[in-house]
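Letter by letter, the chains look like this.
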Amino acid sequence: MFPQPTEPTVAEPLEAVDSDCPTCGAAAVFAYRVVDYRGWLRVTKCRSCLHVLDSRRIRPPSRSGVA
Amino acid sequence: MTVQQESTRTTAALSAQEVQARYGIDLTAAEVLRHALRYIALQMQQKVNAAALSPLLSEMNDFGIGLLAPRDEARDLDFDAIAMSTGAPAHFVINQYYARTAIEHWGAENFEPGDVVIYNDPYRGGSHVNDIGAVMPIFHDGRLLGFAASITHWLDIGGPIPTGFGPGLQRDVFAEGIRLSPRLLYKRGELVEETVELFTVQTRIPEMSANDLQVIKAALQVGVDMVGHYVERYGVDAYLGAVEYTLDYSERAVRQALLEIPDGTYEAEDHLDNDSAGEPMLLKCTVRKYGSEIEIDFSGSAREDWNGYACQWSDTVSAAHLGLQAIFLDSVPPNAGAYRPVHVVAPPGSCFHALPPMSTNSGHLFFLVKSTTLVKMALSKAHPRFAVGENYDDICIISFSGVDNRSATPSPFVFIRFPLGPFGGHALGDGCSYMPIEEGNAVETSIEFEEEAFPLLFLEREFVTDTAGAGKHRGGPATRVLLAPLVDAESTYQLEQCRFPTKGEFGGGGGSMASIRLHEGGLARWSRGEELAEPQVVAGFADPADGSPADPDDERAEFRISKLAGVRFAAGDVVAFQVAGAGGYGPADQRDPEAVRRDVRNEIVSAAAANRLYGVDLGGPTSEGEA
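From first to last, the protein sequence lines stand for chains H and U.
The first sequence begins at 0 in numbering that gives the first Met the number 0 and counts up by one.
The second sequence begins at 0 in numbering that gives the first Met the number 0 and counts up by one.
Bound conformation, chain H alone (with noise of 0.2 Å):
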C-alpha cells in the first residue's frame, strides 16, 4: 500500500540526462515515465521536439506495491 503523498501537488520527476537531443540539439533530454497506447514506458526523451531517445517498458507504478 502507499502513503498519500506529504507535499499539496505533485509532479513527474525529470532525471537530468548528460546529453543534447541529436535531433533538433536542444538540451532538454530528459529520463521519465510516460503512458503510451500500450502501457507504460520510462523513456529518454528530449521535451523541445519530442524525440525519443530510448523507450524501455515498465509495470505501472500503482502495480509494483500491494494491490
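Don't read these hints as lab results, they were simulated from the structure.
Computed from a prediction, not measured in an experiment: that's the story for all the values here.
Check each hint, because a few of them may be wrong.
As the list claims (entries may be wrong) - Under the rule of at most 20 Å between Cα atoms (straight-line distance), these lysine to any residue pairs were calculated in the SDA-like manner: (1) U:K283 with H:R32; (2) U:K283 with H:T8; (3) U:K380 with H:S47; (4) U:K283 with H:Q3.
What the hints assert, rightly or not - Distance windows between CB atoms, simulated: (5) H:T5 with U:T264: 27 to 33 Å; (6) U:R460 with H:Q3: 36 to 42 Å; (7) H:A25 with U:D553: 45 to 51 Å; (8) H:A30 with U:R187: 44 to 50 Å.
As the list claims (entries may be wrong) - In silico negatives: residues of chain H with every beta carbon more than 12 Å from chain U: (9) A15; (10) V16; (11) D17; (12) S18; (13) D19; (14) P21; (15) A26.
Where is the CB? At the ideal position from N, CA and C, for every residue including glycine.
With chain H held as given, fit chain U onto it using these hints.
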C-alpha cells in the same frame, strides 16, 4: 525490454499498390473490412441495448464494446483495440489497458472457445469498480484471432453506498463494493454460477445482474460470430492485414490532424471544487506538441486524496485522448492506432493517478472530465480556431435509493441520473445547450421511464435565463431540474463548478455556477400551484446563518461541498439540481445583435442582460433590478 517505434509516421493516404504491398490485401477489401469491424462493434452494441435490463445499458449507452486484435509480433499487433461501438467514449481507450491487462493476467494461452472472463479491479488498468470488463476469445480453426471485449457500467456493485458512488464515505478501495480479479463467467459456453452469485448475493440488483451478465456474453458472441463470418469469406491473412490497415489508417488520421496544430508548449490550470476536507484541488496540464507527436503532462496537479478524490491513470490517459480528439475538426475512428502518437504523463500519487488503496469510484468521474477539459483549455491557446469555452465540466450525478413502500409489497430501488449540460462557445458558433460530456456520449434516460420505474417526479427541466457565458459566440445555458422523491430516500450527489464559474476563451465571459438547493416539503406547494418556498443550499455558497443562497463574493458565505453520499431527503422534498452555464468565445461586443435578440426571444438572455452585456437595447428595462 526496449520498445521499437514500429508505427508509421506518414500522414499521406496510401495508394492501392502501397496497401497491397504493405498489408497483402487489395484496397477495396481493406476498406470493406475496416468498415466491417466498426459495423460489428455497432451490432454488439445493439444486442446490449435490446436485451439489458439496466437502464444504464438499455437506455443510456453507458458502456463500450468492440474487438481486439490477436498478438502477432510480425504484424505489430498485441491485443490492441481495433474497433469500438459508439457508446460511452470513456471506454474507447480504456480497453487498451483494462482488457489487455486482464488477458495477460489470465494468460492468452488459457482461453478456450466459449470462455468469457470478467473483471472489475480498477487498479488493473480500469476505471472504477462499477465498470465490469469482459473478454471472449475469437478462435478460427483453433487459432486465436483476437477477442471481443466490453466494459459495462453496473448500476450497483455492492458495498455501503447504493450505486457505488460514495464521495466522502468511501475512504479507500475496500469500501467500494465487490472487486474481481479476472475470472470465468462462462467456461466453454456454460455459465459459471459461482461467478453470477457474486453479483446476485452482493449487489442490490440481483435480478438485473443475472440477466445482464448473460447479455454481456450474448453481445460478445455476436462479435465472435461476425468476425468468424468475415474470416470465412476473406481468409485469415486478409483479415489480419485489414486489422493492421485499420489501425494504421486511424494513426495517419490523427497525425494529419496533429500537423494542423502549431508546434509549441501550451499550459492550462483549473480547480476541482473541493477535496475531502472541502478545499479546492489545483489541476494542471502542459501540452507539448511537435510535428505529429504530442505529450500531455499533468505534473503539478494536486495530490490524491482519500474518500474518492483521485482517479486511475488509465482514466486520465483515456480522457486526455478524448480531449485531443475533441478539438479535431474531423472524427477519427477510435482504435489503438489513433492513440499511437500520444504520450501522457500521469504522476503517481497525484489526483490523476491514484495509488492503492485510494478510492477512485467517484474520482473516476471528477478527474476523467477534468483531464479532458484541461487538454482542451491548453490547446485553446494554440490557435483561436481550436478554442472552446469551458463546458459544464462534469459527469454529474443525482441518485435516490431506498424502499418504495407505497404499495402493500415494499420494494427496494436504486435510481441514478446523470444530468446533461451545456458546452462552450467556439470559433464556429455558440455552444450546444444540452448534451453529454465527451466521455459520455450517453443518452439521458427518459423522464417518463424513470417516473414509471422509480418513486419520484420530475417537476421541471428548463434552461435558466442569464446563465450562458457571454461572447461573440456565447456558451450554452444552464439547465435546472426539479426532482421530488415520493418516498424517503438516501441520495448521492456529485456536481462540479459549484465553487468556480466556467471559463470563457479569447475574451468570452464565464458561465454561471452550478448548485443544488432543497425546497423542503415543496411538492405539496407545487401541487397546489403555489410558488416554492425559499430554498436551502445543499451544494454551493450559503449564508451560514440560515442556509439560504449567498453571494460567493460575500466573505461570510460558506461553501457546502458539492459531492456527498448518504444524504437523506424526505418524501415530498423538492431538489433543484442546476448544472453550470458554459463559457463564451470572443468579446461580447462582437456578437451579432440579431443573435442577441433571438436569445432574448428564447429566454436564454434577459432584456436587461442584453443591454448590459451586449449593448443591445430592446427598449425594455436596463438592469435586472428594473425587470
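- [ ] Mind listing which of the numbered hints don't hold for this structure, in increasing order?
- [x] none
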